[in-house]
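Asker: Protein chains in written order, with the numbering used here: chain A, 856 to 1070; chain B, 856 to 1070.
In short, the hints are calculated from the structure, not lab data. Be careful, since some hints might not be right.
[Unchecked claim] Over 12 Å on every C-beta distance to chain A, these chain B residues come out as not near it, computed from the model:
no., residue
1, His873
2, Ile899
3, His910
4, Val927
5, Arg928
6, Arg929
7, Tyr932
8, Leu936
9, Glu937
10, Lys982
[Unchecked claim] Here are the simulated lysine to aspartate or glutamate pairs, EDC-like style, with alpha carbons at most 20 Å apart:
no., chain 1, residue 1, chain 2, residue 2
11, A, Lys1000, B, Glu999
12, B, Lys982, B, Glu999
13, B, Lys948, A, Glu969
14, B, Lys1064, A, Glu969
The C-beta atom is built at its ideal place from N, Cα and C for all residues, glycine as well.
2 protein chains.
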Amino acid sequence: MKNIARLLSRDLTEMERHSRTRLVNSLSGFKGVNLCGTISKDGITNLSIINSVVHIGANPALMGFIMRPVTVRRDTYNNILETGHYTLNHLNKEIFKKAHQTSARYPIEVSEFEAAELIEIYSDLIKAPYVQESHIRIGLTFVEKIPIPVNGTTLMIGKVEEIFYPEDTLAADGYLDIEKAGSITSSSLDAYHTTQKLARLSYAKADRKIEVISF
Amino acid sequence: MKNIARLLSRDLTEMERHSRTRLVNSLSGFKGVNLCGTISKDGITNLSIINSVVHIGANPALMGFIMRPVTVRRDTYNNILETGHYTLNHLNKEIFKKAHQTSARYPIEVSEFEAAELIEIYSDLIKAPYVQESHIRIGLTFVEKIPIPVNGTTLMIGKVEEIFYPEDTLAADGYLDIEKAGSITSSSLDAYHTTQKLARLSYAKADRKIEVISF
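In isolation and in its complexed conformation, chain A is listed as follows (with noise of 0.2 Å):
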């Protein structure tokens, strides 16, 4: 490791727009990254690349994204809204570069599905599609969007109402085991990493020192 540097926020305006991009968005640390399912009341299904998925709460189960300004065409939000429902899927290492391909701007009619070469599934429940290849799918509806007037982006909640994952990923304690589903994380705008888990500790208590609970 080199010697600490620092920037200030005068010389993030001042860098080039693309380059300051690529920094803030590497501030927040590793992302899930997830493919948006949505169809559109007139059938046509599309898909989006999302990595500011977080977790709202456990009970009920809500999960929240943060939708850029709605100032150009959003198709993941229209049919949000149209629908009331989506899905979000794990990336894994098999599908990163084929979902990567789906933040291209594609016209209307056109499919991210075919566009990418991505199989498109239903479950009975949920009217958006699933991407067939992805590990971990859950299924959601639309709960509330919440203005962010410093910048005019939205805060997108839903319910989770179904969860797909490999039967063997799910341990008697609940944690799912995403790493052994093949879920891969993502920094910046364009990076994409596998993991390796350092290990799994205890619930912390101010008068025990943390152990490790499992490798």
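Given chain A, put chain B in place with the hints provided.
Answerer: Quick look at chain B alone, frame taken from chain A:
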């Protein structure tokens, strides 16, 4: 990979509470994991582990995180509102056990820096402590808090004022190599993982195939 299993919303409702929390916290995928440093108006420093940091925008550079309902004493929340400042410090494998220890419930007069044996350092700009052992450190000013009505959580938004990083981790195009900096990722509530880069991919265009731009 074994058979795909399915859980429904009512299965989640019927699960033991802690198991449900572990499972639902697994669903968003891998997470960035940060120590949030703050100081009270009485000068007592605080550290809390946060795995819900999310990118809000690049210009201005904004980051958010989800604060659990403020129905009990939340030192981080109170300190941010009192001072207007906080720091986010990426975890690495040298400090993840100490960092996990900060999630224990300590009396208000105890600093988690002391309890977890981490070293606090300061810049001239931010009235909040940084974690010296962290390699990527971000200083923020508080911008706004946005209530999430559905479950009483709050989205806390801050503006990036300064960034400290190992100077050999910032690429010419703005990509910050957080893996090279030793940052780690987390899953569920208690698992920590190192990463291994698969690739950086080219900007997606509808008429072009995705290419690897670096490994």
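Asker: Which numbered hints does this structure break?
Answerer: Structure breaks hints 1, 3, 13.
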